[in-house]
Amino acid sequence: MGTLIFYDDAVAAKRNRWLVISVLVVAIGAFLAISIIPIFAGWGDRPGAASAPGSTPEATDPQAELEARARGYELVLEREPDNQTAIIGLVETRIQLGDLQGVLEPLKKLAELNPSVPEYQILLGQTHQSLGNLDEAAQTYRAVLTQQPGNMKALQGLVALLLEQDRPQAAVGLLQDALQSAPQQNEVTPGAVDVVSVRLLLAEVYVTQERFDDAIQLYDEAIANNTEDFRPLLAKALVLRDMGRTGEASRIFQQAGELAPPQYKDQVRQLAAGLDTAPAEGASTPDEDGGSASEDESAE
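Residue numbers (my numbering): 9 to 308.
Keep in mind the hints are simulated off the structure, nothing from the lab.
Built from N, CA and C at the ideal position, the CB exists for glycine as well.
Please note that a few of the clues may not be correct.
What the hints assert, rightly or not - Now the in silico label distances, taken between C-beta atoms and shown as ranges:
hint : residue 1 : residue 2 : range
1    : Asn91     : Leu139    : 19 to 29 Å
2    : Glu86     : Gln177    : 45 to 55 Å
3    : Gln188    : Val125    : 22 to 32 Å
4    : Asn233    : Leu121    : 24 to 34 Å
5    : Ala232    : Leu139    : 10 to 20 Å
Make the full structure from the sequences, and use the hints.
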């Protein structure tokens, strides 16, 4: 998960502590995020996928080896500009070199060559966002949403960007529009918009604005309408925990754990165990500067 974590950390580092410790990262990001890594890994495993010309696996200097590998991919692309194995190899190598600016052009090429693969555009948007190119990032996310209005990764990215720009009402409007159009979208393409996920993301925007009653109301509606879905329960428990209402949170964590699929039960238990370090009942909510939790630890 190295590449995805790299980007997620770069974006998440700019968000406030409430956003990081709450459901946007945990209930939405951890359980719903589209994994981009398998796309790259699949190319590297393809039969006949050659290593970069001029690379030296026995080199003792990792930096020099990465630079040589990047140059090898560049040489391949001079001869074969549409060679996707080389493009992906160059993207991965430049990421390892920390050259985000150098990632932009090959990512754009991948997006152009694979218009039906939105993950490339999303990764491009995340890269722009990490570099501070917010207008370009927004355009990229919106381009994905024009084609797939319910794409959760694009919605997450655009919402995070709007919050970063201190535009919470724009984020709310974006998600409300997605919910309003969901019935029509799902009638045309069943499952095109995951209404529960969009509601959870909207609730998290409310959390960042300390509109806790609005957030909890959304969680309660989602719980009532999706009795077999553990995610709204987990989201509500996390917010109640961070508000210091640990008694209620403990009960709801237990319900979420009972409903969670086997692959998520351990994660829910680990989150519930965090109650030991949660604020006491009635304690004030820690502010952004006062929090001691590491954002790297909170990121996916």
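Range hint 10 to 20 Å (beta carbons of Ala232 and Leu139) holds or violated: violated, 42 Å
Range agreement (Cβ of Leu139 with Cβ of Asn91, hint 19 to 29 Å): Holds, at about 25 Å.
Consistency of beta-carbon spacing, Leu121 to Asn233, with hint 24 to 34 Å: violated, 41 Å
Supplied distance hint 22 to 32 Å, evaluated on CB atoms of Gln188 and Val125: Holds, since Gln188 and Val125 (Cβ atoms, about 28 Å apart) stay within the stated range.
Outcome for the supplied range 45 to 55 Å, where the beta carbon pair is Glu86 and Gln177: holds, 48 Å
Of the hints listed earlier, those the structure fails to meet are numbers 4 and 5, in rising order.
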